[in-house]
Amino acid sequence: MPSRNPVICGIGLSDYPVVPHLNSVQHHALAARRAIADCGIAKSAIDGYVSTSGGGPGAGDDAVSMAEYLGVNHRYIDGTMVGGSSFEFHVQHAAAAIRQGLCDTVLITYGSDQLTRMGRVLGTGGFQRDAQPVAGAMQMATPYGLPLVGAYALAARRHMHEFGITSEQLAEIAVGVREFAGLNPDARYRDPITVDDVVNSRTIADPLHKLDCCVITDGGGALVMTTEEIARDLRQPPAYVLGAAGTQTHWNIHQMPDFTEMGAAVCGPEAMGQAGIAPADIDTAQLYDSFTITVLLMLEGLGFCGRGEGGAYVEEGHLRRGGSMPTNTDGGGLSSNHPGMRGIFLLIEAVRQLRGDAGEAQVPDAEVALACGSGGWLSAIGTVILGKDRPS
Amino acid sequence: MRVVRDLQWQGPVPAGEGEYGEFFAAAAEGRLLIQQCPECGHRQHYPRALCTACAAVPEWMEAAGTGNVYTYTVVRQYGVPAFAELPYVLAMIDLPEGVRMFGGLTGVDPETVEIGMPVSAYARTYDDTHAMVFWEPA
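Heads up: the sequence lines are chains A and B, in that order.
Residue 936 is where the first sequence starts when you use the numbering used here, and the numbers rise one by one after that.
Residue 841 is where the second sequence starts when you use the numbering used here, and the numbers rise one by one after that.
Keep in mind that the hints were calculated from the coordinates and are not lab data.
None of the values given here were measured: they were computed from a predicted structure.
Zero decoy hints are in this set.
Residues from chain A shown here face chain B by an in silico Cβ test under 8 Å; the list is partial:
no. : residue
1   : 1056
2   : 1067
3   : 1069
4   : 1070
5   : 1072
6   : 1078
7   : 1082
8   : 1085
9   : 1088
10  : 1089
11  : 1138
12  : 1141
13  : 1194
Built from N, CA and C at the ideal position, the CB exists for glycine as well.
I would like the entire structure built from these sequences, with the hints used as guidance.
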């Protein structure tokens, strides 16, 4: 019987970081074109489509609109929207659909013209109007003037209190990611930075500094997923989906059950269990670095180090080039690109590493890669384990 | 709970739909409400139409209006004109009743805020009949 093992066979990036001539729909389309060309599959073979809007209300890049625009008459569609980690959830869903035979080949796309359309107001809060009524659970926080950065700062402060992590340790994460960005000619910021640079950059919301925060850019990405059987005839070696799991502990930051533990502690072990691996078996990690604290909580949740030990772990240099767990080898959201929902770039970079196509940032002999996305406010966490070799 | 009449509020306001409206209306009368489930005893905040533990219909209960800082941040940059007066403190407060509440922490030097510090609730109106809950050092 032909193998229905789900694989990622095609990857494509749109242009980034500053792309004033493309709107969100065009980012989806450019990334899709490149992912299809990457693997050489016939476009007509695509019978599943998975996406979520990167352009926001009015952009016309919701899943059904994009399926029509791209000309995908799908047998399987999913528009799951859980924030930045949506694409880790998409891979989980598409893998299950492919395995079950609901469809054979799934196109996943993302596109966002956030920087061009909104400038950097997502970070500064300038998208909000005064005296505007806020509905739903956000009305318990937004009226007090809670910036996006402030939400993550609440978690960082609590972690410092409970476990003694320092600003310098958080800064080490940004410094390591910037080192990788220096190897990526497209990265938003490439000049090396030091721990001092980070802790001396202005404080946005205590204890997070400007350089603890991700960049804001335009960009897009796409994946083609199919069966192992179909992938045999395609241009690129497949990346096997060895494990994929997601969980949501809350949505609004004020409902986070424990500000020092994220859902990675649930879906990380679950995904690794599916793959039959332990954290030590992972060769490179692509972790959602919206803020330095996001990475730190993820490292602890995934079990790369013990709870409360994330500060010491990053200080030992594991995340660096040449370290035991090279992390965000494309320069991450902290330095390369972050068009609003970064999860798809984690997967694309993981595949590049497994193919050995990561250039100077290549992790030698990378066989197993992990992508972990965080959506909302440390809320919806999705972990995907990809492997170079077919699962035994 | 002390109520400060402030009809000059310039910032975004709670929409106050459904159960939220009852919470903000009670605050304007000096009562800090949380929810308790008559079936399983679970307490929750923000207010909802069902108990998140057992799905029964929760009832209102009045909280004492005291608590301790669970975590906080000092906001030093924000682009919304209503919050131009920087810095200001935002905090998560652990209530002795067993729920956690987010709010502004005022009347304190931001540099002296500490996790665990005792605080008291007060209400600040944003229209004639509704108020948001803030906190200040106890």
